[in-house]
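Chemist: Here is what each chain is made of, one letter per residue.
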Amino acid sequence: MPEALYLTAAALLSLVGMAWLALSMDVHWAQVKQISLADSHPPKAILKALGYSALFVSLVACLVADRPSIAALVWIMLMVGSAVSVAFALANRPRWLKLIWPIEFKA
Amino acid sequence: MSIEVWHSCFYLLLLLKIIIISVYKSKRLIATQMASVQARSNHKLIVSRILAALLGGYAFVWGFSSLGIAGLAALGVDFHEAETGVLMLAFLVFLCVFLWAFASTSVARVWAVLAGGGGLMTLSAWLVQQNMLS
Amino acid sequence: MTWVHTWFGLVLGFVLMVCFFFGSLSVFDREIDRWAIPETRFDAQPMPSFDKVLLPALQQLEPDERDYAANMPRLHDPAKGEMTPRTELPVDEYWAYVTHRDPVLSAGVGYGVPLAKNPEDHNHIHKNVTLDPRTGAVLPDDKLKIGSHWFYPMHYSLQLKWKNLGIWIVGLAALMMLAALVTGVIMHRKVFREFFTFRPWKRTQRASLDLHNLTGVVALPFHFFFAFTGLVIFASFYFLPVTSTLLDPLHKQHEIHEAAATGLPHDAAGVPAPMSSVDAMVEEAKRRWAARDMAGEVGFLVMHHVGDANSYVSIYRAGSDRVALVGEGIHFKTSTGEVLSEDPPRTPVSEVNEFLTGLHLQHFEHWFLRWLYVLGGLLGAVCIATGFIFFVEKRKSQHARSGSNGSRVVDSLAVTTVTGMVMAAVGMLVMNRILPADMLGKADWEKAAFWTIWGVSFLHAYIRSAPVALGLFNPAWREQCWGVVVLSNSAVLLNWATTGDHLIKTIFTNTYWPVAGVDLSLIACGVIGAWAALKLARRERGVSVLPKKAEKQADSEAGEVAHA
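Residue numbers (our numbering), protein chains in the order written: chain A, 1 to 107; chain B, 1 to 134; chain C, 1 to 564.
Treat the hints with care, since some could be wrong.
[Stated by the list, open to error] Part of the chain C face toward chain B, derived, beta carbon under 8 Å: (1) M1; (2) V4; (3) L175; (4) L246; (5) Q253; (6) T347.
[Stated by the list, open to error] Distance condition first, Cα-Cα at most 30 Å in a straight line; then the derived BS3-like pairs of lysine-lysine: (7) C/K535 x C/K394; (8) C/K286 x C/K52; (9) C/K127 x C/K447; (10) A/K48 x C/K202; (11) C/K190 x A/K33; (12) C/K190 x A/K98; (13) C/K190 x A/K44; (14) C/K394 x C/K202; (15) C/K535 x A/K98; (16) C/K127 x C/K442; (17) C/K190 x A/K48; (18) C/K442 x C/K161; (19) C/K202 x A/K98; (20) C/K202 x C/K535; (21) C/K190 x C/K394; (22) C/K202 x A/K33; (23) A/K33 x C/K535; (24) C/K190 x C/K202; (25) C/K394 x B/K44.
Keep in mind that the hints were calculated from the coordinates and are not lab data.
We treat Cβ as the ideally placed atom computed from N, Cα and C, and that holds for glycine.
If we strip away everything but chain A, and leave its shape as in the complex, we get:
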């Protein structure tokens, strides 16, 4: 049972990580916040840091769940699924991604 738990965690982390990375791009920040591209100023550094960290922790979760050879494959394929999900969310329901960055810092 714990294997399933770790894999679920890995999947969620991968998804949220990809979403943060997407948000760090001007175009997608504008899509989610529903502002024009000119006004789009996402906090890039922190979003990218969070995004890559989440992907890394996802890898750790995969390694805890399975042998390294399988874990590597699961991690890569999870990222594939996450990236596609984020892209589809941005295309059809961009407001869903507001969930992962609800508060805006006035930097």
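Following the hints, complete the assembly by docking chains B and C onto the known chain A.
Modeler: Only chains B and C this time, still in chain A's reference frame:
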């Protein structure tokens, strides 16, 4: 490891190098000739290039694999290991020469290097094998 | 480079669609077998007792008639004497194979050829069977294993067996896939900047290119590795048989050295000897694996030189918990049961090769990863299909003006290899349920159904694609989507009607995931088909299917400026 094999390999590689250099030197000549018959033989050139990429590429990879396996075996590497390792590299080599065949400006050069090189490498491999068996 | 990507991608894309789609289905090929052959709907078992179950079953077998007729004349040397009759061929080899994925067991006998032309070679006439591991009963082989013996070979050989032409075509397609990936990245340099870009609200040409780029880039490692490992798997046998042709003498020399090194007898001694308990050998093998901290089950077992003093049994561990396939072979002397040798740990080169091969063939037991593989395969199929759609959209207006039929041909072929192919696969399952279970020649009817449906799909697609030649919307896509819906739902209902296994039963009351999984996938297929058909119908009528106006404006502004 016998000195004859090293000698024959050396001379064969030298021959290969001479062929490549002479093809490069005639590149300019070929280019001007090509421009004048461009319109008529454009279609033939495309077909030639595709054949060179596929058939020439295959010949080159066959030569690479044969020489790679035989060469490594001659150097003492376990035969099965040599086979496994070289065949994995072979498709990456094929990918590279295939793309090069389309990136290169001269179709004649592609044929020379791929078919010619392939033939030479295959011959070298056979020689290495002959030497190892005797 | 664009030229290479477009034209090689187009031509070989049709082959690649088959590879990716049937490859995705092959992830669950044994599960599809269970669906198609209801008598085998039980759970997977570990390797049964050789002494009590396998040996009696194998001893009852006879050499296959077709194999004998085809190969005996080729292997036997008439100068040395009369050809031994089929039923008198001596037994030379026993083998058995189990996998966690399959309830049934594959086993077989290799019969020797006395007075052979080349006694040094592996002269065998075979008999391969499928056994029920619980009883040792032989399962009739005339029931087509639609998953593992149709969909799976389709993906690597296109069922084109003449001179292995199909395998060569697939190999070429795989190499072109690699080239298409590299040239695609060269053409689409903004790989990371446009990583998540997908704008379905834009016109079809832009939207399809976005989706093509998305599915191609996001799953790039998957696509590259599958094409590459596919080539590597068949390398030494089909594509680059260097060591069995040019370097064959060196190869044979090595084989003799290797046999001497491992101490495993290459030839029979000609002296009869008894057979000790193989079950005891299996126990010892398991004990040794556990001692090496890799406890496991037996995956593959083979007895060489049966009945001879030189006879030895090789027992291999099933690789269900990792990527590499069966391995860690331990070899026992048959007459005494003592260990002759253990396979040494793999060298780095072998390890890499086993990893790559195992990555593709996925014999590991990891449901989650297998479903992720299906996702990857379907993304590859989407990548190729959107490539076709983009090709047509980009050119159909100009073809309409110049009177060319090109776009119509490509679009109808695209319909055939997307919706047509799905209909053929599902239709075959429908035919499987319609025909009675014990019907003679049922396999031929199922195959006929497959090819016929695919052929009819092409005809329908071509006829209905006439508007494409005028630069207009193609109705064939929508119509075939409805075909998919009808067939998918029929398959599920027919499964219920003919076997009594409906979803409530296979998920909740009498859980059996292989069948439930196939049924659910068929339903999902139908749902997606219906959704696609409805959406296409709306688009054809010109009704807007875009999100709310305000959202749309912001999105399109952002999109436009980014690509200005």
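Chemist: Please go over all the hints and tell whether each is borne out by the structure.
Modeler: For each hint, the structure was consulted:
Hint status for C/M1 relative to chain B: holds, with the closest Cβ pair at about 7 Å, below 8 Å. Proximity of C/V4 to chain B holds as hinted, the smallest CB-CB distance being about 5 Å (cut-off 8 Å). For C/L175, the suggested interface contact is upheld, since its CB lies about 6 Å from the closest CB of chain B, less than 8 Å. For C/L246, the shortest C-beta to C-beta distance to chain B is roughly 5 Å, which falls under 8 Å, so the interface hint holds.
This hint holds: C/Q253 has a C-beta 7 Å from the nearest C-beta of chain B, less than the 8 Å allowed. With a least beta-carbon distance of about 6 Å to chain B, the hint placing C/T347 at the interface is held under the 8 Å criterion. Only pairs whose Cα atoms come within 30 Å are accepted, and C/K535 paired with C/K394 is accepted, the gap being roughly 21 Å. At roughly 19 Å between alpha-carbon atoms, C/K286 and C/K52 fall within 30 Å of each other, so this suggested pair holds.
For the given pair, C/K127 sits about 24 Å from C/K447 by alpha-carbon distance, which is consistent with the 30 Å threshold. A C-alpha spacing of about 29 Å is found between A/K48 and C/K202, which places the hinted pair at or below 30 Å, so the restraint holds. Straight-line distance between C-alpha atoms of C/K190 and A/K33 comes to about 24 Å, which keeps the hinted pair within the 30 Å bound. Using a Cα cut-off of 30 Å, the hinted pair C/K190 and A/K98 holds, with the two alpha carbons roughly 26 Å apart.
With a C-alpha separation of about 18 Å, the suggested pair C/K190 and A/K44 falls inside the 30 Å cut-off, and the hint holds. Taking the CA atoms of C/K394 and C/K202, the gap is near 14 Å; set against the 30 Å cutoff, the hint holds. Simply put, C/K535 and A/K98 have alpha-carbon atoms about 27 Å apart, close enough for the 30 Å limit, and the pair holds. Among the hinted pairs, C/K127 with C/K442 is consistent with the structure: their alpha-carbon atoms are about 22 Å apart, no more than 30 Å.
Straight-line distance between C-alpha atoms of C/K190 and A/K48 comes to about 18 Å, which keeps the hinted pair within the 30 Å bound. This hinted pair checks out: C/K442 and C/K161 have alpha carbons roughly 21 Å apart, not beyond 30 Å. Distance check on the hinted pair: C/K202 and A/K98 sit about 23 Å apart at the alpha-carbon level, within 30 Å; holds. Restraint check for C/K202 and C/K535: satisfied, since their Cα atoms lie roughly 15 Å apart, inside the 30 Å limit.
At roughly 21 Å between alpha-carbon atoms, C/K190 and C/K394 fall within 30 Å of each other, so this suggested pair holds. For the given pair, C/K202 sits about 20 Å from A/K33 by alpha-carbon distance, which is consistent with the 30 Å threshold. Restraint check: the Cα-Cα separation between A/K33 and C/K535 comes to about 28 Å, which is no more than 30 Å; the hinted pair holds. At most 30 Å may separate the alpha-carbon atoms for a hinted pair to count; C/K190 and C/K202 meet this at roughly 19 Å.
The suggested pairing of C/K394 with B/K44 holds, with an alpha-carbon distance near 27 Å, which does not exceed 30 Å.
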